[in-house]
Amino acid sequence: MLDLLTGFVAELRAAGIPVSLTEHLDAAEAMRHIPLEDREGLKYALGASLVKSSTHWRAYETTFEIYFSLRGPEYQIGDSDFESDGDESEDNEAAKLAGRGTGKGRGRGGGGGGQEGMTSEELAELLYKALLGSNDAMIAAVARHAVARYAGMEPGRPVGGTYYLYRTLRNLDLDGILTRLLDDARSGSMSPPAIEGPGTGPDGESGSGSGSGSESGGGGQVTFTALEERLLRDEFQSRIDQLRREIENEIRRRLVADRGSEALAKSLRKPLPEDVDVMHATRDEMVLLKKALQPLSRKLAVRLARKRRHGRKGPLDFRSTVRHSLSTGGVPLEPKFRYPRPAKPEIVVIADISGSVASFARFTLHLVHAISSQFSKVRSFVFIDGIDEVTRFFENVDDPSDAVHRINTEADVIWVDGHSDYGHALTVFWERWGEEINPRTSVLLLGDARNNYHASQAWVVKELQDRARRVYWLNPEPQAYWNSGDSIVGEYGVHCDSVIECRTLRQLERFVGDLA
Amino acid sequence: MTADTITSGFPVAGEPRFDSIDAVRQGLASVDYLADEGIAGVVYLADRLAKPVLVEGPAGTGKTELAKSVARLTGCRLIRLQCYEGLDESKALYEWNYKKQLLRIQAGADEAWQALEDDIFSEEFLLARPLLEAIRSPDPVVLLIDEVDRVELETEALLLEILSEYQVSIPELGTVRATQIPLVFLTSNNTRELSEALKRRCLYLHIDYPQLDRERAIIETRVPGISAALADQVARIVRSLRTLELKKLPSVSETLDWARTLVVLGVESIDAEQARDTLNILLKYRTDIDRAAKELAGVELAD
Numbered sequence: 001m002l003d004l005l006t007g008f009v010a011e012l013r014a015a016g017i018p019v020s021l022t023e024h025l026d027a028a029e030a031m032r033h034i035p036l037e038d039r040e041g042l043k044y045a046l047g048a049s050l051v052k053s054s055t056h057w058r059a060y061e062t063t064f065e066i067y068f069s070l071r072g073p074e075y076q077i078g079d080s081d082f083e084s085d086g087d088e089s090e091d092n093e094a095a096k097l098a099g100r101g102t103g104k105g106r107g108r109g110g111g112g113g114g115q116e117g118m119t120s121e122e123l124a125e126l127l128y129k130a131l132l133g134s135n136d137a138m139i140a141a142v143a144r145h146a147v148a149r150y151a152g153m154e155p156g157r158p159v160g161g162t163y164y165l166y167r168t169l170r171n172l173d174l175d176g177i178l179t180r181l182l183d184d185a186r187s188g189s190m191s192p193p194a195i196e197g198p199g200t201g202p203d204g205e206s207g208s209g210s211g212s213g214s215e216s217g218g219g220g221q222v223t224f225t226a227l228e229e230r231l232l233r234d235e236f237q238s239r240i241d242q243l244r245r246e247i248e249n250e251i252r253r254r255l256v257a258d259r260g261s262e263a264l265a266k267s268l269r270k271p272l273p274e275d276v277d278v279m280h281a282t283r284d285e286m287v288l289l290k291k292a293l294q295p296l297s298r299k300l301a302v303r304l305a306r307k308r309r310h311g312r313k314g315p316l317d318f319r320s321t322v323r324h325s326l327s328t329g330g331v332p333l334e335p336k337f338r339y340p341r342p343a344k345p346e347i348v349v350i351a352d353i354s355g356s357v358a359s360f361a362r363f364t365l366h367l368v369h370a371i372s373s374q375f376s377k378v379r380s381f382v383f384i385d386g387i388d389e390v391t392r393f394f395e396n397v398d399d400p401s402d403a404v405h406r407i408n409t410e411a412d413v414i415w416v417d418g419h420s421d422y423g424h425a426l427t428v429f430w431e432r433w434g435e436e437i438n439p440r441t442s443v444l445l446l447g448d449a450r451n452n453y454h455a456s457q458a459w460v461v462k463e464l465q466d467r468a469r470r471v472y473w474l475n476p477e478p479q480a481y482w483n484s485g486d487s488i489v490g491e492y493g494v495h496c497d498s499v500i501e502c503r504t505l506r507q508l509e510r511f512v513g514d515l516a
Numbered sequence: 517m518t519a520d521t522i523t524s525g526f527p528v529a530g531e532p533r534f535d536s537i538d539a540v541r542q543g544l545a546s547v548d549y550l551a552d553e554g555i556a557g558v559v560y561l562a563d564r565l566a567k568p569v570l571v572e573g574p575a576g577t578g579k580t581e582l583a584k585s586v587a588r589l590t591g592c593r594l595i596r597l598q599c600y601e602g603l604d605e606s607k608a609l610y611e612w613n614y615k616k617q618l619l620r621i622q623a624g625a626d627e628a629w630q631a632l633e634d635d636i637f638s639e640e641f642l643l644a645r646p647l648l649e650a651i652r653s654p655d656p657v658v659l660l661i662d663e664v665d666r667v668e669l670e671t672e673a674l675l676l677e678i679l680s681e682y683q684v685s686i687p688e689l690g691t692v693r694a695t696q697i698p699l700v701f702l703t704s705n706n707t708r709e710l711s712e713a714l715k716r717r718c719l720y721l722h723i724d725y726p727q728l729d730r731e732r733a734i735i736e737t738r739v740p741g742i743s744a745a746l747a748d749q750v751a752r753i754v755r756s757l758r759t760l761e762l763k764k765l766p767s768v769s770e771t772l773d774w775a776r777t778l779v780v781l782g783v784e785s786i787d788a789e790q791a792r793d794t795l796n797i798l799l800k801y802r803t804d805i806d807r808a809a810k811e812l813a814g815v816e817l818a819d
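Quick mapping for you: the protein sequence lines, in order, are chains S and R.
Heads up, the first sequence is in our numbering, so the first residue is 1 and it goes up one at a time.
Heads up, the second sequence is in our numbering, so the first residue is 517 and it goes up one at a time.
Here chain S stands alone, though its shape is the one from the complex:
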């Protein structure tokens, strides 16, 4: 058991979660107090002692599911590490898993799509009923079946299971089912759960939370108000999400049985939200990033405000020292110091928002404006091949993300063809706004400098540098790709104070923090 924990901790560290030795010891200690049959309890106990940040929880959960995977009811969790090798046991495991639950399927799960006790139509029907009734056990059973039938898993392939998930979900046609559920609800074959409580399906299947009374009895109702409709949709959506999670778990369980925990953990390892490469983030990761951005900008603002207030001590403040010495009879017991009030910098952001780097530009604009109180002035410009000032969008807006959204739709950034032209954009900037750059301004240029082989007009950056306090270039591409293909970041770079690779939120936060 301790070996298993050590492997688990090693994997967490590899995934980027910092686990100290003390925390490891705590976890070992915690394990002694939790009965091993209580898998959920174990998960929370280990989580409480190992993971100290809510953003890491998801990564922890995935790793936990892999290392302490359920292998079937008759196996102790603790023994799981020894069962995973060998093709025979793996096939048996899968078969058991498939066989359990409904008692109908005899699918050889590991081989994928083998013999089944029922047709796809029956399965779809079962799924529909399970979702309608919100029956947890039934949803789980359907998930098992669906995976056995559609995923087509092949033993021994070094994959993380995303493809299997996709294949299963495609066959189940969840969108179709959602529409059907809503249609049926509307046509009155089912009473709205918003009023009667969940799980009062036509077959009388009682759901998980049927605590609410059904005295209102509005059966046969055909039209819903918008509110009811919305609640209904949310209800079904959450059930479908539950199904999706079950399927994911099921696939993972089988993969663990097939390949062993360590191998799978390696292929499932995902970067933590703050380390995700913004340019190549998947849609799910993007959602996480957006969530992470809000607290991050708030924290940054708090930190900077504190830094400014509690900054280093300055030179002796003679007047104040003498004044305070009066209370000690003229003896200057307590020297007073002048606190430096560093000038707040002015920031000009010039961001490329063409497709390839758009998301990165959005994050940076969001972050800079979220902490705009730390700067005396923030002006933002966006360009593709034309350039437009977007500062006005951020004025009098509570939420920077609204403004960022408006930029995407309203800013006038297309001049000819909508392909990045840094040269033209910079020239126009210099002609129209160049006068306003002064020695207190820091200029941030954002983009990958992929100029589609237009003229670079790098002299503008040189002029900017002469006039501004600092010029930074933030490049969201990995450093290895710079100056390859049509990237001419080097040409601009020689005129910048520094060119910084800035691919993740963590890097971005550090840069902005240093700036203020």
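Just to be clear, a hint being listed does not mean it is correct.
Stretches of chain R that chain S covers, calculated by requiring three or more beta carbons in the stretch to come under 8 angstroms of a beta carbon on chain S [said to hold, decoys possible]:
#1 615-627
#2 641-652
Pairs of lysine to aspartate or glutamate, EDC-like flavour, derived with a Cα cap of 16 angstroms [claimed, not checked]:
#3 K299(S) with E761(R)
#4 K290(S) with E761(R)
#5 K290(S) with E509(S)
#6 K291(S) with E761(R)
Treat the hints as calculated values from the structure; they're not laboratory data.
Even for Gly, the Cβ is constructed at its ideal location relative to N, Cα and C.
Model the placement of chain R on the given structure of chain S, informed by the hints.
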């Protein structure tokens, strides 16, 4: 500092307060706090491992309430330290009672200095602040250090000794050890990253918005006189609102306020209009309210 102040390994836990995780959960339920698996598990562990619990999560999800409920459940006194910027040793740990010391010196004007000095730095002149009070107390207590993220990073260090060793070192007096191991809860609203040193000493518990079932149950226990149907509807609408992109999502405490309002207004079942009129209890930003009202009422789904 003498050698005996150095203790090794884990602090020894006292008599277990709870039998099992389930006992914790049922106990908390009996004082009207509905814990989920994670919350109950961590409270149980905190008792067994004699470790403090660091509770994080969005505002209004019942972090402080958890500490209060545990205190009520175990019948312990709750000692609360509210953190704020500028909190220091003399407010958190202990302070010498200068005035009393001065009086003592004046009263014994003809005494030998040595005797006097020993005397004025004795426990009699010590004002115990919450942290010291918690470990000096002879009866078991629950210590709540609220909103620990509000103190400066440097001030956090004050807490470290008490959190790991349950003792306070007073230079003039020596080390004060805990007579019993208190249950310690720290809450944080996550406005800044807490130091590694602090996190390492604690068990971590993240309390998120509850699942639908739990929220409904919370409404039913906390709002007297609410009908089951209304509680269900409230929970559903709140869940629906939480999926929107709002500046401040409705918290559990706001949900409860809303439910109470609806009960007072005598609402039996919410329609879009009533929801819109009372949304200002649930949401605290103008833009959020507008958006939510639009979402709840306006959109006729076209499919």
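Status of the hints after comparison with the structure:
| no. | hint | verdict |
| --- | --- | --- |
| 1 | 615-627 | violated (count 0) |
| 2 | 641-652 | violated (count 0) |
| 3 | K299(S) with E761(R) | 20 angstroms, violated |
| 4 | K290(S) with E761(R) | 10 angstroms, holds |
| 5 | K290(S) with E509(S) | 14 angstroms, holds |
| 6 | K291(S) with E761(R) | 10 angstroms, holds |
Violation of the numbered hints given earlier is confined to hints 1, 2 and 3; the remaining hints are satisfied by the structure.
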